[in-house]
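Chemist: Residue-level listing of the chains:
Protein chains: 2
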Amino acid sequence: MSQVAPPRRQPKPLNGVDTPTLFATIEAVAGAPDLARFQFRASNRWEKGTQSRTRIETFSGAGGEHTHIGDVEFPADHPKVLVGEDKAPTPVEFLLHAIASCLTAGVANIASARGITLTEVRSDVEGDIDLRGILGLSNEVRNGYQSIRVSFTIKGDAPPDKLRAIVEQSRARSAVYDVLTNGVPVTVSVNAG
Amino acid sequence: MSQVAPPRRQPKPLNGVDTPTLFATIEAVAGAPDLARFQFRASNRWEKGTQSRTRIETFSGAGGEHTHIGDVEFPADHPKVLVGEDKAPTPVEFLLHAIASCLTAGVANIASARGITLTEVRSDVEGDIDLRGILGLSNEVRNGYQSIRVSFTIKGDAPPDKLRAIVEQSRARSAVYDVLTNGVPVTVSVNAG
Numbered sequence: 000m001s002q003v004a005p006p007r008r009q010p011k012p013l014n015g016v017d018t019p020t021l022f023a024t025i026e027a028v029a030g031a032p033d034l035a036r037f038q039f040r041a042s043n044r045w046e047k048g049t050q051s052r053t054r055i056e057t058f059s060g061a062g063g064e065h066t067h068i069g070d071v072e073f074p075a076d077h078p079k080v081l082v083g084e085d086k087a088p089t090p091v092e093f094l095l096h097a098i099a100s101c102l103t104a105g106v107a108n109i110a111s112a113r114g115i116t117l118t119e120v121r122s123d124v125e126g127d128i129d130l131r132g133i134l135g136l137s138n139e140v141r142n143g144y145q146s147i148r149v150s151f152t153i154k155g156d157a158p159p160d161k162l163r164a165i166v167e168q169s170r171a172r173s174a175v176y177d178v179l180t181n182g183v184p185v186t187v188s189v190n191a192g
Numbered sequence: 000m001s002q003v004a005p006p007r008r009q010p011k012p013l014n015g016v017d018t019p020t021l022f023a024t025i026e027a028v029a030g031a032p033d034l035a036r037f038q039f040r041a042s043n044r045w046e047k048g049t050q051s052r053t054r055i056e057t058f059s060g061a062g063g064e065h066t067h068i069g070d071v072e073f074p075a076d077h078p079k080v081l082v083g084e085d086k087a088p089t090p091v092e093f094l095l096h097a098i099a100s101c102l103t104a105g106v107a108n109i110a111s112a113r114g115i116t117l118t119e120v121r122s123d124v125e126g127d128i129d130l131r132g133i134l135g136l137s138n139e140v141r142n143g144y145q146s147i148r149v150s151f152t153i154k155g156d157a158p159p160d161k162l163r164a165i166v167e168q169s170r171a172r173s174a175v176y177d178v179l180t181n182g183v184p185v186t187v188s189v190n191a192g
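From first to last, the protein sequence lines are chains A and B.
Here the first sequence is numbered in numbering that gives the first Met the number 0, starting from 0 and rising by one per residue.
Here the second sequence is numbered in numbering that gives the first Met the number 0, starting from 0 and rising by one per residue.
Any given hint could turn out to be false.
Same chains, same names: a pair is fine if it fits in one copy or spans any two.
Said to hold, decoys possible - Here are the simulated EDC-like cross-link-like pairs (lysine to aspartate or glutamate), alpha carbons at most 20 Å apart as the crow flies:
#1 Lys11 with Asp156
#2 Lys154 with Glu56
#3 Lys11 with Asp70
#4 Lys11 with Asp33
#5 Lys154 with Glu119
#6 Lys47 with Asp85
#7 Lys47 with Asp123
#8 Lys161 with Glu26
#9 Lys47 with Asp70
#10 Lys11 with Asp160
Simulated from the structure, these hints should not be mistaken for laboratory data.
Same shape as in the complex, but just chain A:
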């Protein structure tokens, strides 16, 4: 009766997630909370019309400065029907990329921590927006999305209820879901002339 706690499972790498290092990271941060303070950064440069490019190069966290080693430059534009040249998706569509990829990374980490092998994770996101807001045609229509819907398909070596619980836990701990649903203070300053 003394062993009521389940035996601690030895984590193994799974789904491409280095699960032992993930657990070690969480333990390290638990012991030194300042390691958890991150600052992410982006620098955007206008090109012409509605086109711009953003570089996402450096960030701080885990007690140091870091430089990304993968893709770091991303474009944005407006479509032709909104008087752009459609060189790239609109800024609001990158919000959909952010929510889908955040929930999906969480799903992979959580499944791996739970010892579940995933075979497929897909998600489709839709956002409804009434552009009378941003076009200045109505003060009663908000500028941004009115609603966003994310629909996941998830397959792996666990029953459907356990797979659904992984998505739910990812949602409950998603940074992007929190920002999109609860909002965040944004300040805008200008150096002009």
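Given the coordinates of chain A, work out where chain B should sit on it, guided by the hints.
Modeler: Coordinates of chain B only, in the frame set by chain A:
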């Protein structure tokens, strides 16, 4: 005394913005509000670990279906310090791309509508986040950013106060600023098994 309204300025293309078409679009939507109903979409597919890719291909609006003609596929990952492979920026960094590029597209459109030629528009964005939230180490720390700061540099053929007013008007009509500061309902559904 009958002509108190200023003479209507004939808009000209400026800054790479097709200003006449922009005004014509706004007039068309004013006359047929249903044209303003847009739906943006994204489809994400998990690759491995924290890596996934999102395709942003189609959207509806202006009374029809449309397919993007520019870049449509974008990756996301976690950095090595967060147990990813750093093939691409994190999902939360794409939120910074979204806010910078949205404000910048608005700046270009508004400057052009006001007859102001821009020579430079840059912005730096920072977001502060305490990862004890998403790591499940604290229920008092939020999962998402605690604050986001956007710093613009804008130059053109207008006095600084008019250039600052362009950024302010862009902020006031930005779809991404609205979503990030006010939040939006996000629903997540799951097809498992």
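Chemist: Against this structure, judge whether each hint is valid.
Modeler: Structure-based check of all given hints:
no., hint, verdict
1, Lys11 with Asp156, "within (16 Å within a copy, 61 Å between copies)"
2, Lys154 with Glu56, "neither (34 Å within a copy, 24 Å between copies)"
3, Lys11 with Asp70, "neither (29 Å within a copy, 37 Å between copies)"
4, Lys11 with Asp33, "neither (27 Å within a copy, 53 Å between copies)"
5, Lys154 with Glu119, "within (5 Å within a copy, 48 Å between copies)"
6, Lys47 with Asp85, "within (12 Å within a copy, 30 Å between copies)"
7, Lys47 with Asp123, "between (31 Å within a copy, 18 Å between copies)"
8, Lys161 with Glu26, "neither (25 Å within a copy, 52 Å between copies)"
9, Lys47 with Asp70, "between (22 Å within a copy, 17 Å between copies)"
10, Lys11 with Asp160, "neither (23 Å within a copy, 59 Å between copies)"
Comparing the model with each earlier hint shows violations of hints 2, 3, 4, 8 and 10; every other hint is respected.
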